[in-house]
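First to last, the protein sequences are chains A and B.
Take the position in the first sequence, starting the count at 1, then add 321; the result is the number in my numbering.
Take the position in the second sequence, starting the count at 1, then add 321; the result is the number in my numbering.
Mixed in with the good hints, there may be bad ones.
Which chain B residues stay away from chain A? Per the calculated CB distances, all over 10 Å, these [as the list claims (entries may be wrong)]:
(1) Q354
(2) T361
(3) R457
(4) A464
(5) D477
(6) R515
(7) T526
Interface residues of chain B toward chain A, partial, derived using beta-carbon atoms under 7 Å [as the list claims (entries may be wrong)]:
(8) L445
(9) D475
(10) L476
(11) L478
(12) A486
(13) L488
(14) A489
(15) K492
(16) H512
(17) A516
(18) I528
Ranges of calculated distance between the beta carbons of each label pair, as one might list FRET restraints [said to hold, decoys possible]:
(19) B/T520 with A/P434: 36 to 42 Å
(20) A/D406 with B/D411: 49 to 55 Å
(21) A/A529 with B/A472: 14 to 20 Å
(22) A/T361 with B/T376: 21 to 27 Å
Treat the hints as calculated values from the structure; they're not laboratory data.
Since the model is a prediction, treat every value here as computed from it, not as a measurement.
The beta carbon of each residue, even a glycine, is placed where N, CA and C say it ideally should be.
There are 2 protein chains.
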Amino acid sequence: MDSDRTPTADGVASRSERRKQQTRQALIRAAQQFLAEGRTAVSVLDITTLADVGTGSFYNHFATKEELFDTAVMAVVDVHGAMMDELTADIEDPAEAFAQSFRLTGRLHRQFPELSRVIVNRGLGMLTADEGLLPRARRDVGAAVRAGRFAVADLDLALTVVSGATLALAKLLLDEPDRDDAAAADTVTAHVLRALGVTDEDIATLIALPLPTPAHVTLPGQS
Amino acid sequence: MDSDRTPTADGVASRSERRKQQTRQALIRAAQQFLAEGRTAVSVLDITTLADVGTGSFYNHFATKEELFDTAVMAVVDVHGAMMDELTADIEDPAEAFAQSFRLTGRLHRQFPELSRVIVNRGLGMLTADEGLLPRARRDVGAAVRAGRFAVADLDLALTVVSGATLALAKLLLDEPDRDDAAAADTVTAHVLRALGVTDEDIATLIALPLPTPAHVTLPGQS
Chain A
322 MDSDRTPTAD GVASRSERRK QQTRQALIRA AQQFLAEGRT AVSVLDITTL ADVGTGSFYN
382 HFATKEELFD TAVMAVVDVH GAMMDELTAD IEDPAEAFAQ SFRLTGRLHR QFPELSRVIV
442 NRGLGMLTAD EGLLPRARRD VGAAVRAGRF AVADLDLALT VVSGATLALA KLLLDEPDRD
502 DAAAADTVTA HVLRALGVTD EDIATLIALP LPTPAHVTLP GQS
Chain B
322 MDSDRTPTAD GVASRSERRK QQTRQALIRA AQQFLAEGRT AVSVLDITTL ADVGTGSFYN
382 HFATKEELFD TAVMAVVDVH GAMMDELTAD IEDPAEAFAQ SFRLTGRLHR QFPELSRVIV
442 NRGLGMLTAD EGLLPRARRD VGAAVRAGRF AVADLDLALT VVSGATLALA KLLLDEPDRD
502 DAAAADTVTA HVLRALGVTD EDIATLIALP LPTPAHVTLP GQS
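The shape of chain A in the complex, shown without the other chains:
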């Protein structure tokens, strides 16, 4: 409410601004919950009811339901991406940094089933965005190509293998709850490294490296 934003009412203005942010966050959390349940065919009213905000307030924040869902997914993925960045920040060999990220990502599905379900339900839609995992993979694979560790002629085409395998592994782990996720992640990492031109000897070294332990991260929807 602009009428609150008078020079002498800073406290009121920032309270209104805070309320606006709370509404936005409530909408994003509601969308994340629907995504985690695989329910995207919901109405704006369903979303605002779950978020416990006025239905009219939806359009103050998002032009369409799709825009909200995109925002909701990317917020979740960014938590993971930032964690990967932190965990691999001190690794000098870009091939190793990539392998560690890929192995850790494969292990995330059992650790954070809600995140995993969001990614699987979102599926290939994950691969359009300029944010999230794909730009990070492009950065990491590109660095390894420049360092002569990966043999790749066209980065975007190589990334279809990397990102496609990531998503298909997420789906497989969701469909087969008893499968060992760590072993599966490492085997798929080995295939992907082979696709990127790494020798079998180097692959054996890379997937035998100890992994850092991800810090405890609370994802949206977890308490």
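Let chain A serve as the given structure and place chain B on it in line with the hints.
Chain B alone, transformed into the frame defined by chain A:
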């Protein structure tokens, strides 16, 4: 209408049976059109209206909307799968049969944009089904492993790379309409063959082979 099925009314009974099949096909075609438009959040009424059949008749054929959509997608994919089977039937080397199928599949997106859009919109959901492309890929990769052409420890994990790359390539070609689909398909095929343990020399041979020309196939939704 069972009352039509009298011993002396075979013509009427089969006419009723034919009508039932026509209704089913009309529903499937309507679902394929919605899928091609990326609209799966439609109601049963939307579907029966587009199919031009009575709304009540829907449940004579499908228990849920999801069951119809599954049927609709798989009918499209089976057309492609059967075509691949036919085109590679005479190839003796299973690695070559796989490479040809993969290269041809990558070329299908520009040829049949409706099929491509259906696959991309369906996304990872494609990978659950016991029908369609995944069982065919399992069969072909398995044959090449048994023939000593592919080095794969766990078939299902290797297939995450194969199927994931297939879907991610479909998405990339949809997002980048100007990209050369044949060159892209062959490059991704090369990466996937590398992931499966084929040597660079053999890969060069495999992706240089001439491809059979797919027969003209009319897909649902095309006239």
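Status of each hint after checking the structure:
1. Q354: The claim holds: B/Q354 sits with its nearest Cβ about 17 Å from chain A, beyond 10 Å.
2. T361: Label violated. Min Cβ-Cβ 7 Å, cutoff 10 Å.
3. R457: holds (15 Å)
4. A464: holds (18 Å)
5. D477: Incorrect as stated: the minimum Cβ-Cβ distance to chain A is 6 Å, not above 10 Å.
6. R515: Its Cβ does come within 10 Å of chain A, the nearest being 5 Å, so this is violated.
7. T526: holds (17 Å)
8. L445: holds (4 Å)
9. D475: holds (6 Å)
10. L476: Hint violated; B/L476 Cβ to chain A Cβ min 11 Å, cut 7 Å.
11. L478: holds (5 Å)
12. A486: Status holds, d = 4 Å.
13. L488: This hint holds: B/L488 lies near chain A, its Cβ roughly 6 Å from the closest one there, short of 7 Å.
14. A489: Since the shortest Cβ distance to chain A is 3 Å, the answer is holds.
15. K492: holds (5 Å)
16. H512: holds (4 Å)
17. A516: holds (4 Å)
18. I528: violated (12 Å)
19. B/T520 with A/P434: 36 to 42 Å: At roughly 40 Å between Cβ atoms, A/P434 and B/T520 fall inside 36 to 42 Å, so the hint holds.
20. A/D406 with B/D411: 49 to 55 Å: Cβ of A/D406 to Cβ of B/D411: about 50 Å, so the range 49 to 55 Å holds.
21. A/A529 with B/A472: 14 to 20 Å: Once the Cβ atoms are compared, 18 Å apart, the range 14 to 20 Å for B/A472 and A/A529 holds.
22. A/T361 with B/T376: 21 to 27 Å: holds (24 Å)
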